[in-house]
Amino acid sequence: MGMKYRRYLAGERIYGCSKCKTHLATIHSMVSRAFNGQHGRAYLFDGVVNVVEGEPNDRQMTTGNHTVRDIYCVKCATVLGWKYDRAYEASQQYKEGKFILERNLLVDVQ
Amino acid sequence: MRIPESDNNLSTSYDFAPEAGPSYVTLDKAGHSNGLSKENGHTIPVSNGTTSNGSPSMGNGIAKHNSSIARVSLPGTTLYDDAYVDREEFVRLVIQSLKDVGYIESAATLEAESGYSLEAPEVTQFRQHILHGAWAHAEPLLIQLGVTDEDALMDARFLIGKQKYLELLEAQKTTAALQVLRNDLAPYSTTSEQDELHALSSLMMCSDPEDLRRRSCWDGASGTSRRQLLADLQHYIPASIMIPQRRFSTLLAQSRLYQRNRCLYHNSPANPISFSLFSDHMCEKDAFPRITTTILEVHTDEVWNVAWSHDGTHLASASKDKTAIIWRIGPDAEPSSRDCIAEFILRDHPYCVGCLAWSLDDSILSTSADHLILLWNTKTGALIKTLETHAETVSALVWLPDGSGFMSASLDRKIVLWDMDGELRESWNDISIRVTDAAVTPDMTRLVAVGMGYIPPPTSGSLSRGHVRESSPPPVASNGNGNTIAPRSSENRMIVYDLKTRQVELSVHMEGELTSVKISDDSRFALINHAPDEIHLWDLEEFQLARKFTGQRQGHHVIRSCFGGIDGNFVISGSEDRNVYVWHRDTGALLEVLEGHGQGSVNSVAWNPCNRRMFASCSDDSTIRVWEAPPISAGELFRGLSIPESEPEIVGKGKGKVKQPWAHNYETL
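The listed protein sequences correspond, in order, to chains B and W. Remember, this note's numbering sits 36 above the position in the first sequence when you count from 1. Remember, this note's numbering sits 12 above the position in the second sequence when you count from 1.
In isolation and in its complexed conformation, chain B is listed as follows:
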């Protein structure tokens, strides 16, 4: 609701959308590099900006069943990864509320 400008991040390393350069996350909020997405290597982040979240659905992943939402770039609508709403396995619950961005869809921006 209402008009908003996209958020702009600051820091040593800023990841942006490879298609439209929209700022998405900084290396400061990166939790792990050890994830895999549909396009290969993916990163887990505490927080990302300038994304739109899709509808939740359950997906069976290598680490068990999760409720996730696809996340889209707010400017170009590219699917960039997903957000974990819920992890069914107790050992995986640290991911809840966190975001996956696919490395191949990211680019360093200023």
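Keep in mind the hints are simulated off the structure, nothing from the lab. All figures in this text were calculated on a predicted structure; none of them were measured in a lab. Misleading hints may appear alongside valid ones.
Claimed, not checked - Once the Cα atoms are required to be at most 27 Å apart in a straight line, the calculated BS3-like pairs of lysine-lysine come out as:
1) W:560 to W:297
2) W:397 to B:55
3) B:40 to B:57
4) B:40 to W:334
5) W:334 to W:397
6) W:334 to W:391
7) W:397 to B:111
8) B:40 to B:134
9) W:560 to B:40
10) B:111 to B:55
11) B:40 to B:55
12) B:111 to W:426
13) B:40 to W:397
14) B:57 to B:134
15) B:134 to B:55
16) B:57 to B:111
17) W:560 to B:57
18) W:334 to W:426
19) B:57 to W:397
20) B:111 to B:40
21) W:512 to B:55
22) W:512 to W:426
23) W:334 to B:111
24) W:426 to W:397
25) W:426 to B:55
26) B:40 to W:185
27) B:57 to W:512
28) B:134 to B:111
Could you slot chain W onto chain B? The hints should help.
Same frame as chain B, now just chain W:
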């Protein structure tokens, strides 16, 4: 009642009295007693015989009057028993006014009847000498007129000498002028006047009188310069001896200004109709545009911005639905029958539309869609050009007041100047903020930009790649949508640039997001929307915050405000609580909270530049509302009826034209 001798009197007076100048016809009276009435009290009229010490040459006609008009003797010295107004001062001002407009006979009668005269004969003579360029006669009178202070006398003589010098030069009597410079000016000039003396002597080089007048900013002996000299000399002569020109009118103008400043709903032009002397001026609250007369519904998503054409006949709107619309707002007839149609729907925007700006002649509309700028022909609705220079969202489009083109500003930290055809003229790169809005002062001296401070990436890598977690910022907050908000990365700033030199004149850090800048018509004030919930009025001459306007809601969205009404008397703003807020600019008083828009934010407002009683607002509810004063009849009706407060409903749909009956009572604070 006509006095027999009056014709004679009139004819002599007209020789001298130009239309506006105080007449020299005067009753005779010792000059200096004029200003010293208070001690003498009401005995003055009695003791101050009008025939005894008059100057015979001028008193002739009037002396006859005196024989036929009885002097009225009044007690006390004040106009009324309980007032501070000194009667003599008052009467003399009346006499001055009468003479100014040409009621010479009435003035003479009043002088005779009251025993007060406008001024001493020396004053009259002095004025005539100045106006006739009889400098040698004027100068010796200065002392008699109470210019006794040595410095004042020197200054006054310098002023007279300067006029004399310029007039001689104008008459091309260079030798005589040189003598004046040596004998009259140089001896009287103080050190501070040395520069002026130099400038004056350089005027000797002027090729002809026209050149002289232009270079000295002086309009010649036959222009207003002698009158101006008189006004300048006034500073050295006590006002009680030589009353300042048009003094009564000055007082009335002050009174008008006072009344105007107290008029919260002021929105009427300064004319005799709205400012009668017979009653205090006060604009009717009912004349304020607080009623929705039209709702424009064609957009299919949130409307983010609105802008009026300069001729006030068209309104442009920008929407999240990736279109802009040019609306024709029918002529200012009966609002209830006004035709408002969507003339062109500008569809070819790849992204949501954020900014709108009309060219000075209204032939081109520029719009912004994210990082793109689009130029549209407003007569055909055709896309002229798309400009792709900016890398990030374009946040401001401004056509320059000198007609040279337009300016764009962006979150990519660039401000770009374009010519009329959309060719890039100049680009200011790497400015210190990501610009969220910008405006140029109408006098073209300044550019005011607001935005988010840019923090360049650190050069030394303090971050160890292996310890990502340790260097992560404090926990991020959630905004309730499940969206996490990253830590704020920037400070916000207002920057005032000198437009020509690009030098930063002022840079102010501000807490909270800045989303809108507007400049007042006089180039003096900048109006800035400021989250949370404030609008700041900055004085660009004093470089300080002049006023804050509060009441509206602004958290995370781009909310815009503007000046409105005659002289920009109002400030209006959108708000995230779906209302339109209106304040009195000079006091900050909240005047109106206008309800009507549906769910969401009122994103922007725009006052009609031609019809000062109309503005438009746009909202997340996909509509634009046009606000006007209720017609008189409906206004009358309103007072008589009690209308239950109700949520104003939107009547009709989809045709882009909806008439709003006068049926809603908008709540006012």
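Hint by hint, here is what the structure shows:
no. : hint           : in the structure
1   : W:560 to W:297 : holds (23 Å)
2   : W:397 to B:55  : holds (24 Å)
3   : B:40 to B:57   : holds (17 Å)
4   : B:40 to W:334  : holds (15 Å)
5   : W:334 to W:397 : holds (17 Å)
6   : W:334 to W:391 : holds (20 Å)
7   : W:397 to B:111 : holds (22 Å)
8   : B:40 to B:134  : holds (23 Å)
9   : W:560 to B:40  : holds (23 Å)
10  : B:111 to B:55  : holds (10 Å)
11  : B:40 to B:55   : holds (21 Å)
12  : B:111 to W:426 : holds (20 Å)
13  : B:40 to W:397  : holds (26 Å)
14  : B:57 to B:134  : holds (21 Å)
15  : B:134 to B:55  : holds (23 Å)
16  : B:57 to B:111  : holds (9 Å)
17  : W:560 to B:57  : violated (37 Å)
18  : W:334 to W:426 : holds (24 Å)
19  : B:57 to W:397  : holds (24 Å)
20  : B:111 to B:40  : holds (12 Å)
21  : W:512 to B:55  : violated (37 Å)
22  : W:512 to W:426 : holds (16 Å)
23  : W:334 to B:111 : holds (12 Å)
24  : W:426 to W:397 : holds (20 Å)
25  : W:426 to B:55  : holds (21 Å)
26  : B:40 to W:185  : violated (72 Å)
27  : B:57 to W:512  : violated (33 Å)
28  : B:134 to B:111 : holds (21 Å)
Hint compliance for this structure: hints 17, 21, 26, 27 are broken, all remaining hints hold.
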